[in-house]
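Work out the full structure: start from the sequences and follow the hints.
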Amino acid sequence: MKDFAKSFARNRGAVLGIVILVLVLGLTLAAPLLFPRSPWSIVQRPFLPPLSVPGFPLGTDTLGRDLASGLAHGAYVSLMVGLISTVVSLAIGVPLGAAAGYFGGWVDDGLMRITEFFQVIPAFAFAVVLVAIFQPSITSIVIAIALVSWPPVARLLRGEVMSLRTREFIEAAELSGQSGLTIIWRQILPNTLSPVIVLASMMVATAILTESALSFMGLGDPNVMSWGYMIGAGRTVIRQAWWISFFPGLAILLTVLAFNLIGEGLNDVLNPRLSKRRS
Amino acid sequence: MKTLLSALCLTTALALPALAQETPTPGGTLDVIVQPEPPGLVIGIVANGPAGLVGGSIYESLLRYDANLDPEPSLAKSWEISEDGLTYTFHLQDGVKWHDGEPFTADDVLFTLQTMLPKTLVKARMTMDHVESVTAPDPLTVVFKLKAPFEPFIRAFNYGSLPMMPKHIYEGVEDYARAPANDTPIGTGPFKFVEWKKGSYIKLEKFQDYYLKGKPYLDDVIYHIIPDASSRSVAFETGVVDVLPGGSVENFDVPRLTGLDNSCNTTKGWEFYSPLSWLWVNEANPILANVKIRQAMMYAMDRDFMVDVLWNGMGKPADGPITSTTPFYSAPEKPFYPHDPKKAKALLKEAGYDGTPIKLLPLPYGETWQRWAEVVRQNLEDVGFKVEMQSTDVAGWNQRLAQRDYDIAFTYLYQNGDPELGVARNYLSTNRDAGSPWNNVEGYVNPEVDKLFNAAAIAFPAEKRQELYSQVQGILREDLPVLWLTEMSFPTIYNCHVQNLVSTASGVNNGLRDAWIKQ
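These protein sequences, in sequence, are chains L and R. At position 104 of the first sequence the residue is numbered 104 (the numbering used here), and the sequence of numbers has no breaks. At position 510 of the second sequence the residue is numbered 789 (the numbering used here), and the sequence of numbers has no breaks.
No lab work stands behind these hints: they were computed from the structure. Note that the coordinates shown come from a computational prediction; the quantities given were computed from them, not determined experimentally.
Quick list of simulated restraints, FRET-style, between CB atoms:
no., chain 1, residue 1, chain 2, residue 2, range
1, R, T635, L, L25, 32 to 38 Å
2, L, L25, R, F615, 46 to 52 Å
3, R, A713, L, D109, 50 to 56 Å
4, R, G675, L, W242, 32 to 38 Å
5, L, F124, R, P726, 51 to 57 Å
6, R, D672, L, F117, 26 to 32 Å
7, L, L25, R, P459, 55 to 61 Å
Here chain R is said to cover these stretches of chain L; the calculated rule only asks that three of the stretch's residues, wherever they fall, bring their Cβ under 8 Å from a Cβ of chain R:
no., segment
8, 36 to 47
9, 61 to 70
10, 226 to 238
Some chain L residues near chain R, calculated using beta-carbon distances under 8 Å:
no., residue
11, Q135
12, P136
13, P222
14, N223
Ideal placement from N, C-alpha and C gives every residue a C-beta, glycine not left out.
Structure (structure tokens):
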């Protein structure tokens with residue numbers, strides 16, 4: 001563990017990523033305390049530039065809602081959608097990929113055709129269609145993002161499992177009479193963990209971007225304040241009031257960057273070939 | 280070029296009286312924004328704003344109206360009203376042809392008014408209910424006999440209320456809404472349909488056989504469909520489009536666009552419609568059936584804020600079912616539901632509201648409407664309502680309202696020049712069948728109101744009508760069957776080289792026959 005932390009810390013970018021993520025998490029947790037009123041409350045004059053009135057450091061939007069409050073409350077949605085949809089897509093992709101890789105044959109063929117079916121549809125367009133059909137809500141957005149982002153997980157798992165499957169320790173396990181499912185669960189999956197973790201951290205970043213893009217297009221949950229919504233609502237007035245779209249945009253940029261940096265860092269540490277080259 | 284144009288504009292402004300007499304030059308293409316994309320163009324079937332904007336140049340009615348709502352000739356060149364107010368005789372123009380070359384005759388008028396429109400347009404059905412018989416003594420004369428004097432009858436013949444439909448195309452059609460002919464509209468108007476590229480543009484061209492010689496002046500009219508509001512503004516700034524009809528750009532952008540060099544604007548052309556916005560309240564919902572709840576909502580809403588911030592000060596808070604610009608309006612006796620959260624909270628407590636979420640259906644007509652719904656939600660939540668915003672597109676909005684599948688919903692409707700033509704339809708209990716998003720959608724039933732509206736419709740003369748309408752306004756203000764929001768005002772913004780754009784009480788919708796472009 002100590003070694004892990006040490007070699008992770010060697011990657012400056014990854015540390016920066018962690019710092020940003022901690023800040024965003026802190027903001028999410030502190031939002032109800034810092035801004036007890038709903039982020040939708042109309043609290044000041046509309047179109048207030050940043051720093052022009054004390055108490056409104058980021059200014060107000062087209063209706064006079066506090067941008068700082070929106071930013072803090074919106075962080076929760078971005079993180080939650082990012083994390084939950086990634087967990088859901090792992091829950092779909094990992095078992096499918098593992099089964100395909102381990103059992104091979106017609107199971108593999110069948111599962112991979114399904115995966116390809118999902119892969120050939122452009123992910124974002126597919127997400128838009130799903131959300132439009134199911135009516136925009138946090139649940140439908142999470143489901144839509146999960147449904148479009150599991151195929152890479154399945155393919156990664158399949159590859160990993162196929163390469164592990166021919167190794168001697170698996171043959172030994174098979175000879176000892178363990179069932180296929182036990183072998184996958186106890187012998188194979190623990191060995192595929194590193195690439196999955198790295199992929200997952202990248203997927204969180206993509207999910208946050210997708211959620212923002214959906215909200216930007218007006219397909220977000222209309223009852224929940226989110227960064228994408230703030231940009232979408234401010235976009236029409238960007239020439240008069242740049243700050244309305246700028247701050248949530250910056251927040252998305254930093255958060256997505258943080259997850260990417262962390263993913264890079266984890267990749268460096270967890271990928272045995274890379275870490276050997278470093279030491 | 281730009282400086283030349285602005286110089287021209289300046290000259291126009293300085294020498295307006297002299298230049299107004301200038302002879303129009305024919306030719307040119309007019310580029311107009313239509314927003315959102317209409318669901319169809321046959322305005323005898325699809326009665327919605329964007330359809331009317333395009334369809335108003337394709338179809339015509341017997342009359343058109345000036346800014347004072349006085350009738351002018353359109354398909355009828357002259358008319359007489361009998362002394363007793365019971366017989367209306369219209370003389371049709373000579374040599375009118377449909378766009379496919381067939382002659383337009385009194386037969387078409389009879390078919391339109393007796394067979395087709397009563398099935399497709401609520402407004403038409405209500406007008407025709409007053410008519411005892413329609414006859415055509417000769418191919419160019421139509422005679423209406425009314426059951427009783429009906430003073431607003433002369434204002435019922437606007438292009439969108441009773442558009443003339445071709446008998447030779449629609450005769451025998453069972454389901455008008457699904458008729459294949461709807462894809463290629465055939466009218467008598469100054470422009471005929473050429474092409475509709477879905478999601479991109481609708482193209483009309485000059486109808487060569489139009490009955491007014493020399494008109495229209497324009498060669499083509501192209502209605503651009505640009506879904507994004509800021510792109511619409513840019514299209515006007517860069518000169519891609521010449522006309523932004525009222526409501527087609529976001530209000531935030533209006534001050535900037537009217538300030539441009541070659542930009543002219545007018546708030547005229549809305550006299551006929553006098554649009555009024557309100558929230559439908561579904562009275563089938565037991566919570567909303569309680570008048571105290573509706574009053575609480577009314578007090579909770581800051582309607583001055585809505586006008587000032589959302590509409591940049593254009594329009595004003597409404598104070599009842601009839602707008603102050605429509606005949607027979609009467610002012611309320613006391614201030615009409617000023618913003619008073621305390622009173623709203625007290626009423627809510629009295630009503631025993633249990634926190635059941637109330638669904639709010641916004642009007643999917645762009646950013647302003649979305650923001651507006653957010654303001655209403657916030658206003659209501661501030662006094663203790665629980666509000667859930669729904670998402671919808673235009674088709675879904677129509678569907679939900681038509682099926683009464685909503686709690687509270689945004690809308691705005693036109694007054695059509697008379698309470699009988701544009702107001703009564705939304706409150707008469709006889710007009711509350713599901714299936715239309717434009718009738719008594721809230722499901723309001725009040726025999727007293729029915730009686731007053733029906734009596735006012737046929738009362739004679741106007742003073743008598745005024746008395747009845749004043750009473751009904753009083754009752755409706757107490758009952759709050761719907762929550763009136765604002766009297767709306769939309770500026771039409773256009774390139775100054777377009778002349779005589781707004782010449783009727785319906786503005787760009789049916790005035791393009793007289794518009795021309797300065798070469």
